[in-house]
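Given these sequences and hints, build the entire structure.
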Amino acid sequence: MNVIDKPEVLGNKWIGQRTIRPDGADKVTGRAAYAADTAMPGMIWGKVLRSPHPHARIRAIDTSKAEALPGVKAVVTSKDVVHFPLETPVPVGIQDMRWMSRNVMAREKALFHGHPVAAIAATSEAIAAEACRLIEVDYEVLPWAIDIDDALKPDAPILHDFLTFEGKPSNIVGKLEHKLGDVAAGFAEADVVIERSFRTEPVHQGYIEPHAALVSVAPDGKATIWSSSQGQFMVRAMCAYMAGIPQSDIRAIPAEIGGGFGGKTIVYLEPIALLLARKSGRPVKMVMSREEVFRATGPTSGSKSTVKIGATKDGRIVAAQGTFHLQAGALPGSPIRGAAGCAFAPYDIPNVQALGFDVVSNRSKVAAYRAPGAPIGAYAVECVLDELAAALKMDPLEFRLKNAAREGTKAAHGPVFPRIGLVETIEAALAHPHYKAPLGKHQGRGVASGFWFNAGGESSAQVNVTEDGNVVVTTGHPDIGGSRASTANIAAELLGIDYRRVSVLIGDTATIGYSNLTGGSRVTFASAMVVTQATEKVITTLRGRAAKIWKIDPDAVKWENGEALPAGENAGKFPGLSLAEIAARATETGGPIGAGIQLNTTGAEGGFATHICDVEVDLDLGIVRVVRYTAFQDVGRAIHPSYVEGQMQGGVAQGIGWALSEEYIYDKQGRVDNASFLDYRMPVCSDLPMIDTGIIEVPNPKHPQGVRGVGEVPIVPPLAAVSNAVHNALGRRFYSLPMSPPRVLAALEGA
Amino acid sequence: MAKLHVSTTINDEPVEFLCDPHQSLLDALRTTLGLTGTKEGCGTGDCGACSVMLDDRLVCSCLTLAAEAEGKQIATIEGMAQGERLHPLQQKFLEHAALQCGICTPGFLIAAKALLERNPDPSETEVRFWLAGNLCRCTGYDKIVHAVMETAAEMRGAAA
Chain A
55 MNVIDKPEVL GNKWIGQRTI RPDGADKVTG RAAYAADTAM PGMIWGKVLR
105 SPHPHARIRA IDTSKAEALP GVKAVVTSKD VVHFPLETPV PVGIQDMRWM
155 SRNVMAREKA LFHGHPVAAI AATSEAIAAE ACRLIEVDYE VLPWAIDIDD
205 ALKPDAPILH DFLTFEGKPS NIVGKLEHKL GDVAAGFAEA DVVIERSFRT
255 EPVHQGYIEP HAALVSVAPD GKATIWSSSQ GQFMVRAMCA YMAGIPQSDI
305 RAIPAEIGGG FGGKTIVYLE PIALLLARKS GRPVKMVMSR EEVFRATGPT
355 SGSKSTVKIG ATKDGRIVAA QGTFHLQAGA LPGSPIRGAA GCAFAPYDIP
405 NVQALGFDVV SNRSKVAAYR APGAPIGAYA VECVLDELAA ALKMDPLEFR
455 LKNAAREGTK AAHGPVFPRI GLVETIEAAL AHPHYKAPLG KHQGRGVASG
505 FWFNAGGESS AQVNVTEDGN VVVTTGHPDI GGSRASTANI AAELLGIDYR
555 RVSVLIGDTA TIGYSNLTGG SRVTFASAMV VTQATEKVIT TLRGRAAKIW
605 KIDPDAVKWE NGEALPAGEN AGKFPGLSLA EIAARATETG GPIGAGIQLN
655 TTGAEGGFAT HICDVEVDLD LGIVRVVRYT AFQDVGRAIH PSYVEGQMQG
705 GVAQGIGWAL SEEYIYDKQG RVDNASFLDY RMPVCSDLPM IDTGIIEVPN
755 PKHPQGVRGV GEVPIVPPLA AVSNAVHNAL GRRFYSLPMS PPRVLAALEG
805 A
Chain B
2 MAKLHVSTTI NDEPVEFLCD PHQSLLDALR TTLGLTGTKE GCGTGDCGAC
52 SVMLDDRLVC SCLTLAAEAE GKQIATIEGM AQGERLHPLQ QKFLEHAALQ
102 CGICTPGFLI AAKALLERNP DPSETEVRFW LAGNLCRCTG YDKIVHAVME
152 TAAEMRGAAA
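Respectively, the protein sequence lines represent chains A and B.
Numbered according to this note's numbering, the first sequence terminates at residue 805, and the numbering increases by one at each position without gaps.
Numbered according to this note's numbering, the second sequence terminates at residue 161, and the numbering increases by one at each position without gaps.
No lab work stands behind these hints: they were computed from the structure.
Among the hints, a few may not be true.
In the SDA-like style, the derived pairs of lysine to any residue whose C-alpha atoms are separated by at most 20 Å in a straight line are [to be verified]:
id : chain 1 : residue 1 : chain 2 : residue 2
1  : A       : Lys591    : A       : Lys602
2  : A       : Lys456    : A       : Lys591
3  : B       : Lys4      : A       : Ser178
4  : B       : Lys73     : B       : Gly84
5  : A       : Lys756    : A       : Ile651
6  : A       : Lys119    : A       : Ile212
7  : B       : Lys4      : A       : Thr177
8  : B       : Lys4      : B       : Leu34
9  : B       : Lys4      : A       : Ala180
10 : A       : Lys591    : A       : Gly645
11 : A       : Lys362    : A       : Arg787
12 : B       : Lys4      : A       : Glu179
Values in this document were obtained by computation on a predicted structure and should not be read as measured data.
As structure tokens, then:
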């Protein structure tokens, strides 16, 4: 059995079907090659020496003893990395090579415990590890700051004295403000105003596959990189910058990726392995341990936020103000745009001010994590809305519905919304039996909504017809959660052939045009656009070939159900020509059949969700258990409903972890104290109930299939939905996350 | 240190290999024997991505010494399908989209198969607790649990 559902919508044969993913058989049999599964003849192993201090000036590094150890083939330090002076920005996408290069290898200072300071390549992992121990680093240990409050104190150690805020060196390294209307006047109109402050801890993306890379450099300097990333073109660009070589000298091959959630949108190992391979003349493989992943790769920001919202007696929100301080880690770049931009976006509020501050401290540099920043903003806003609804004696969903953003609503972060589906998600939640279901003892129910921008950007696709009349589609986006399946559905739909005749491949940087990252909920949106246009071009060619065979005008040929048919006055004059029949005659009719499209896609339009969460609190153990969860989301169009549901369920599970159990804990020496899956508590199977999903399809008018994007939005509401449920269960509110058993117990015992 | 010689059976085939005394079974499978279907997610027995069967025991191969394979039967993901015929669990995982990135999938399949061999009719709670040693960050476990329960029902039906 290959197809589970009947087509549900618009007479489509494949779009909307639960087809088997093209890479499925490889992934259930262990054949799929992830980054750490690759080896090469003559391969040696790379290891990173990491800073034992959270903040220290690097006075000198002596690698002579390490280099003398038999089996050591290369040693690199920051001297081997291209130097990007601190005063000159070098943007690559949303990153800056000044920070990226210093994150990959510490230069002037080690900025967090675990920061790479040198790397070794040796004939075995054991020798590489031993050689790391022989490297002598002369550190001047400096005072450090881990938490936001410490980093913001007047006498706080400054991480980067060349970065200033309000004229003085500061750990505030960035600010963003969104303004709409006049907040002071708005609050003056309000009958009820509620202002609260919130905290969240940094949480890790938690991909199960640690970072890994294998790099080979030929004697002519041409490099091949196999690595697990969310963008082979990003890997190529950053490695070219850091190694000082042309991008055309690098072929970056995307291995299968074992989860990323944003955390693999930047490089860690690839440039180091490249430098080691170049120096040693041997292929170099590097694989992070889980401990290294926790200590030195990006979690998302911890935060402190203050949100104030005012409403009139009749339940109309008239003003909102939010201040969001986000931890960037050691180098600038926290997702303040997501926090400040998404926080109030679900609501039609005439007067808004949202302020974001980017704060550095001595912890690992944050990386993107699913809807970066948005869950932090939504947590604060959606909890305050709950309190406002209670103060106004309104149902929390009715209150949201009354103030929901709709087509024409001006959002504080800029756009006037086109047709959006927030109202539909709230109405679906209101109508769902879950919302009216009775609650048991010590149980509570919470709701929350959420928004993510979604994203377009650069994408490329090539669609080729094989000589036997099947189809190969190549895109440039690593498939992190089933995107090959939606690509196959779209190509099969347009061509009118069985989806099993469409093979979907992910090209490397040498075989497909530039494609931006797999991230921001952009892949299905953007690749559907380029695949659609390329497939339509192929269909035009196929019609032309049939016309040539029939010696009629191409405009008199139509494409239907996988074959060319004479149309108009020629209708019925010739028997149809199938894809296979046209492909077999390709050489005589004009040559190979295929088409490529490269676009900067636009029109992604926002995605909205509304979630209902039931919890039960164990008063003796302080454990909060989610006992029922239902997520409604407007996805525009679900090309493959199973993988849409999967994104929703996975995002909810991560949000529940963020709300209830995940956090970084630091010891007194400024080191992460829980750098393992045992101590960093992600939800396991027995922690969760089934996560019910309600897919809502309000098609995006700017997309050929109506797609908006799916992956980010599901993690935006859960922090507040769980918090509001805990409040409903206990009658008291937590203003910081996670609501872990020790914290819940402490609160209950203090009560 | 001298290497140890190990004679074992992997996926019903006799195998001999040399290993360091401290080498993990996971490392021997992946690096020495090229069986990379078994994954390493943590190396500390917390994620279950490296699950294999050692005789009739479900183990984390990262916490098992390679030398312990001596004289034992090892079953890995590479041995789960019979030629082109997928195991019912593998088929059901595909039909239910019970994988996204797929890195945890081999471990889940090995663990789920071990469960159904012991308990052909597990409740949802039993499935969830049995699989609690396998981390998945993509799916929220929902489709995995559905796939396992539905496979169990089908296998019971086929056996009846």
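Practice prompt. Please name the hints from earlier in the document that this structure breaks, with their numbers sorted from lowest to highest.
Written response: 2, 4 and 6
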